[in-house]
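Engineer: Each chain is listed here by its residues.
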Amino acid sequence: MKMEGQIPEGLKYTQDHEWVRRNGHIAVVGISFHAQDTLGDIVFVELPEVGSMVVAGKAFGVVESTKAVSELFAPISGKVLRVNEALATSPQLVNAEPYEKGWMIEIEMSQPEEMEALMGASAYKDFLLGQ
Amino acid sequence: MSEKTPLFEAHQRLGAKLVDYSGWTMPVQYISSLKEHAAVREAVGLFDASHMGEFELRGKKAVEAVNHLVCNDLSLCVNGQAMYTGLLNEAGGFVDDVVVFRHSEERVFLCVNAANIAKDWEWVLAHTRGMSGIEANDLSAQTGMLALQGPRALEVLSLLCPLPLEKLKRYYFIDGEAAGVLCTISRTGYTGEDGFELYCPSEKAEALWWALLEAGKPWGIMPCGLGARDTLRLEMKYPLYGQDIDEQHTPFEAKLNWIVKMKKEAFIGKEALEKQKERGVEKTWIGFEMVEPGIARAGYRVFSEGRQVGVVTSGNFGPSLKRAIGMAYVEPLCAKEGTVLDIEIRERKAKAQIVKTPFWKKGA
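These protein sequence lines map, in sequence, to chains A and B. For the record, in the first sequence the residue sitting at position 93 is 93 according to this note's numbering, with numbers rising by one throughout. For the record, in the second sequence the residue sitting at position 180 is 180 according to this note's numbering, with numbers rising by one throughout.
If we strip away everything but chain B, and leave its shape as in the complex, we get (with noise of 0.2 Å):
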């Protein structure tokens, strides 16, 4: 049995396909992705990610607690600023991807990926177990969270939250109501362009979602599906857990070394980590184009001379840009940007070329 989200009857209303997205019964689209893609990227959209978990940490050492468990330095983070990170197993590979949110010294929240929850859960539990003082909450069942993005959707959520929103800055968040619902309010989202998360309680889910939806109209607001979030993740090489990063992929080979810092104390990973930074990485992520017509899928393979160097993880068309893209590990010595690999599609090659990342830039 598929979980719903506290938005499933809203998705039905509004006539929308819905899909099992990793155990949640989830829209792929509404009307259209390529439509949803675009409004976002031009106007706004509205996007419900119920489906994702949250976890609260609270005690004396909440942010040193948490800052053991993830490979990025929470103390770098003020009090209402959040930040992306991973939270790593001990052999440097992502147990999950999340974003951390510095509420107080004393009280941190975690986004984490819907098909993670239980597992990392269970992590956390695992590894605060002896912390005194640490407790742990999985807010999961009981939060619920939309995403407006768009570089409308600060226009749209004015209207509904008297909170000074064009002052908050990217990856800081603000408690407060928006249509008369207590949220955590950041200034985040998956979609490259600028926008807003709201983490609200599950019963208020679908009130705040119309309520922007109804806001948003003057813009053309559109609700958007998970085939709008891929493809929107996918132009600006976000990662998708599961399918780019996993437990047997470290941050360093996910070329996202900006989410680790070695030099903070000890963190789970971080001699993995170490002993691969002396001796280098055996894959890299990198993005490509296609050149020769086609679409790269997952699990399709990379080929360069004749030679299989690498594996396809995400590969769609990229509505913005109005080309194929995709990503893939290859190895170190065919990662160059600019250089030029076939990718195994169906029985054929096509030729494809290493760009720089992220592919769609705002004005571009």
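Here chain A stands alone, though its shape is the one from the complex (with noise of 0.2 Å):
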């Protein structure tokens, strides 16, 4: 596997190495392959309460592998409509499937222009390969 891992077209990334998929104000939020993989075998994901709200920047959770802790940063502001509860017996979800079954919360997009900030596949990639 190349350092970039798989970066599925159609989601938007964050710096940060969130991914956003979009369904009109809604939004589902994950970490990136290229986040898993360097965090290694995760054990652990914290993530908040439905119904509360999240800030585009701010830590929204907390995923820790067997090697560290890491702040999850949110994509987009917005209310929690949904949090994926199968993580909290199944994390290593997130190593499996980053991009499906390893997502993690879903928004109700309070301010969808700050999707227009993300990065797309491509771009992503680039960033990635500049790191």
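Do not rely on the hints blindly, as some may be mistaken.
Stated by the list, open to error - Below, in silico cross-link-like pairs of lysine-lysine (BS3-like), each with a Cα-Cα straight-line distance of 27 Å or less:
id: 1; chain 1: B; residue 1: K17; chain 2: A; residue 2: K125
id: 2; chain 1: B; residue 1: K277; chain 2: B; residue 2: K261
id: 3; chain 1: B; residue 1: K217; chain 2: B; residue 2: K349
id: 4; chain 1: B; residue 1: K349; chain 2: A; residue 2: K79
What the hints assert, rightly or not - Here chain B is said to cover these stretches of chain A; the calculated rule only asks that three of the stretch's residues, wherever they fall, bring their Cβ under 8 Å from a Cβ of chain B:
id: 5; stretch: 43–51
id: 6; stretch: 65–72
Keep in mind that the hints were calculated from the coordinates and are not lab data. Beta carbons are placed, not taken as given, at the ideal position from N, Cα and C, and that holds for glycine.
Dock the two chains into a complex; use the hints.
Structural biologist: Rendered as structure tokens:
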């Protein structure tokens, strides 16, 4: 696997290696293949409560691997509609399927225009290669 | 510049993630530290431990000289036996924790922690200088060290080694050839599983490494990195120097009383330990498991009824236990098994309970 790993088209990415999948005013958030690969085996994920507010650029949770503790930063602002409950018992889903079953939170966007500041797949790939 | 072990190129070829670890470029994992951990618990894994240091003391009174340096009693060992012990300072704190190998009355070998090689070497020289006929050699640079660990380690090594390894008891060692490489082979390790550690000339380490990986294939051997090494030792409550023990902590505080032989004649740190024994310790090293979600990491503060009573020294997810565990120094009054403590994890407090250790027991 190349260091940039898998970067699906159609998602938006942050410099902190979160991804966003937008569906109308709803956004699903997770961490990229590169992020989980760098962290190593993920053993614990701490997510916010449903109904709480997250703010773009601010920490909304924590992901821990056997190696390290790492904060999760919200790519966009809004209200948390759902969190991925499966991660409480199966945090390794983030490693196995970072873009699918390893998703983290679903947000009702309060400022959809924040999406414009995020990178597309090719920009994120360039960002990783430039690091 | 980070130092490289003789296996650096082997790690690169295997696609290891390399990190700097106390001045050495070491593999933290190859594929997955959880899978590597499981390989060692269930079958067999191979570690590069060549960053560790090795000293040799020779001379008529080599055993006596080492016995003055360490808190355990090497006179209780026979030739061919190894022992876990501490090099202590005058205050009774750990200069290092080491394994000593008694080859004979005249020859003792010490395995020391990578981060402490220079410090320990100074310490050994300074404290053997006045002794007549003692010759000390630092063999660290010319010695490779591999650790073959897991319930299948005996079968794997036996394929490459004609010695009757099944007769080698825990913490005994033997000199002989493995894959044609002359080694000191000890039945020791840092994982809680059966296994062997092999000390060999550094230029032969890579040949031995590939031979062991090849021989272990039928059992699904995996090369294992520092990540797995850390979670394996954590589940056994084996201390990691610089994190769980250091110059400020004595063996009594770390509950390693069994490595201290107070009946032995003078050794460095004995007087301080006598005083500590009399007045009691002010902190004690306990093992806990998390009751509430979260992983307690080194440096997190430990509370009891709102008051800080200690600090976490190591903590992680225990892969074989499937729960978060850790170790902490706490006040002796809060150190009883079953005690529930609060550990500050970021902005909240999570409950943890003191449990019996080692956390991991074979067949549990």
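Engineer: Any hints from earlier that this structure breaks? Give me their numbers in increasing order, please.
Structural biologist: 3
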